[in-house]
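Peer 1: Turn these sequences into a full structure, and let the hints steer you where they fit.
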Amino acid sequence: MTERELPEASRAVLVGLAQKGENTDALERSMDELEGLLKTAGGECIARLTQNKEAPDAKTMIGSGKAAELAYLCAINDADLVVFDCELSPSQIRNLENIMGDKVRVIDRSMLILDIFALHAVTGEGKLQVELAQLKYTAPRLMGKGTELSRLGGGIGTRGPGESQLETDRRHLQRRIRALEAQIDEMEKNRRTMRASRDRSGIVQVAIVGYTNAGKSTLLNALTDAGILAEDKLFATLDPTTRKYELPCGESVLLTDTVGFINKLPHHLVSAFHSTLEEACMADILLIIIDASDPRFSEQLEVTENLLVELGAVGKPTLYVFNKCDRGFAELREIGRSSDADNIAYISALTGQGMDTLISKLEAIVTEGKRRVTYFIPNSDGGALNTLYRVATVEDVDYGADGMTVVALADAKARGMMKKYALDDAPEPKEDWEE
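Using our numbering, the first residue of the sequence shown is number 1, and each one after it goes up by one.
Hints in this document: simulated from the structure, not taken from any laboratory. Where a beta carbon is used, it is the ideal one built from N, C-alpha and C, also for glycine. Be a bit skeptical, because a hint or two may be false.
Each pair of labels, with its calculated beta carbon distance range [to be verified]:
#, residue 1, residue 2, range
1, Arg170, Thr367, 49 to 59 Å
2, Glu305, Glu54, 28 to 38 Å
3, Gln183, Pro90, 37 to 47 Å
Each computed SDA-like pair below joins lysine to any residue, with the alpha-carbon atoms no more than 20 Å apart [claimed, not checked]:
#, residue 1, residue 2
4, Lys127, Glu186
5, Lys316, Cys281
6, Lys20, Asn52
7, Lys419, Thr351
8, Lys413, Cys249
9, Lys316, Asn306
10, Lys189, Cys281
11, Lys39, Lys244
12, Lys370, Leu180
13, Lys53, Gly21
14, Lys316, Gly369
15, Lys136, Asp78
16, Lys66, Cys45
17, Lys413, Asn263
18, Lys59, Cys45
19, Lys420, Val366
20, Lys316, Val366
21, Lys66, Ile46
22, Lys264, Ile203
23, Lys244, Glu305
24, Lys419, Ser360
25, Lys244, Ile203
26, Lys127, Arg94
Peer 2: Set out below in structure tokens:
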């Protein structure tokens with residue numbers, strides 16, 4: 001994708017639909033989030049329009065009368081964009097744009113999110129993943145309006161004899177999708193190789209996950225001086241960043257900042273970014289970051305946990321980190337967790353408040369299940385000692401004529417890697433007994 005979907009300073013009308021039985025308060029909160037997405041994409045909300053309806057209208061989603069009202073609202077406010085909070089079909093977009101007139105474009109929430117991803121993609125892999133998601137989701141809707149694929153930055157070849165522009169576009173679209181999928185598959189192989197190398201290192205992997213704009217990047221910067229972009233915007237970070245961090249006990253972990261989650265995340269984005277989102281699946285520990293100052297934090301946490309279930313990233317040791325406590329604290333409610341639980345920490349990554357407690361609780365999770373083990377490493381396998389230093393906490397090394405006797409604190413993962421050198425569990429040091 002070489003062009004942004006939204007021009008600079010687009011003046012937009014936001015449209016939401018509440019069907020029978022749906023909560024209108026939830027719709028307003030979703031519309032607030034949609035306005036935040038629009039702002040991130042560089043647009044300006046100049047009006048909102050909501051509709052209560054038994055069921056979506058097949059032609060215009062909101063019905064002909066409301067569509068006419070929307071057209072009038074766009075005309076008097078000089079709007080050039082309409083953004084629906086719900087997903088639109090190609091025919092609905094075409095019908096709505098016919099009603100709105102030539103100067104107004106119509107997109108939906110998913111198309112807006114895709115645009116933001118295109119804006120923030122930095123790495124080659126991220127850009128390819130965004131383009132693939134846009135082609136699979138956006139292109140059919142653009143073609144439904146008769147718009148050429150050149151808008152997608154695709155570059156169309158010479159049209160064949162007797163072939164319509166739409167047929168040419170479709171053939172080009174399928175070729176481009178296949179090419180992108182092949183390139184992403186190759187990058188996924190490289191990513192799997194890197195993960196395998198990290199697994200062999202034995203270093204505990206921690207994924208920082210959570211709703212968009214909860215402060216994941218700010219936390220990684222605070223812990224590791226990663227220097228990554230951390231803005232008060234939705235989806236400020238797209239490409240994952242991994243940094244090594246040494247805990248006070250001397251144990252090292254790998255912290256990975258991941259792409260933020262959001263309600264109604266487009267399915268094609270989840271599919272295209274599967275290799276990136278797998279960082280959460282492959283991690284040993286999850287840090288779920290929650291914006292404690294946001295009154296909607298409970299709903300956002302539910303979205304995060306549901307997406308983790310969808311990705312298969314559940315059943316891991318998890319630390320719930322309530323961030324932005326310096327901005328005020330929303331009421332804790334309906335999350336089913338005790339406010340003084342061992343797996344909850346309250347912090348401000350920006351000011352440093354509560355960071356010592358967070359680090360202490362993370363350290364407790366990392367060291368849980370560790371045992372003192374005595375290993376004998378023959379001199380011929382001297383490289384194994386270097387491995388042990390990476391995967392465990394070495395407490396003592398006794399060099400002998402035939403090899404090295406090593407006492408180390410090792411977790412289950414390290415014990416499995418070093419099993420052939422293990423003699424027995426080492427006794428606790430005398431000072432531990434006296435305590």
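Peer 1: Each of the hints needs a verdict: does it hold here or not?
Peer 2: Hint by hint, here is what the structure shows:
| no. | hint | result |
| --- | --- | --- |
| 1 | Arg170 / Thr367: 49 to 59 Å | holds (57 Å) |
| 2 | Glu305 / Glu54: 28 to 38 Å | holds (31 Å) |
| 3 | Gln183 / Pro90: 37 to 47 Å | violated (27 Å) |
| 4 | Lys127 / Glu186 | holds (15 Å) |
| 5 | Lys316 / Cys281 | holds (9 Å) |
| 6 | Lys20 / Asn52 | holds (7 Å) |
| 7 | Lys419 / Thr351 | violated (44 Å) |
| 8 | Lys413 / Cys249 | holds (18 Å) |
| 9 | Lys316 / Asn306 | holds (14 Å) |
| 10 | Lys189 / Cys281 | holds (16 Å) |
| 11 | Lys39 / Lys244 | violated (34 Å) |
| 12 | Lys370 / Leu180 | violated (44 Å) |
| 13 | Lys53 / Gly21 | holds (10 Å) |
| 14 | Lys316 / Gly369 | holds (14 Å) |
| 15 | Lys136 / Asp78 | violated (31 Å) |
| 16 | Lys66 / Cys45 | holds (19 Å) |
| 17 | Lys413 / Asn263 | violated (35 Å) |
| 18 | Lys59 / Cys45 | violated (25 Å) |
| 19 | Lys420 / Val366 | violated (23 Å) |
| 20 | Lys316 / Val366 | holds (12 Å) |
| 21 | Lys66 / Ile46 | holds (18 Å) |
| 22 | Lys264 / Ile203 | violated (34 Å) |
| 23 | Lys244 / Glu305 | violated (26 Å) |
| 24 | Lys419 / Ser360 | violated (29 Å) |
| 25 | Lys244 / Ile203 | holds (9 Å) |
| 26 | Lys127 / Arg94 | violated (28 Å) |
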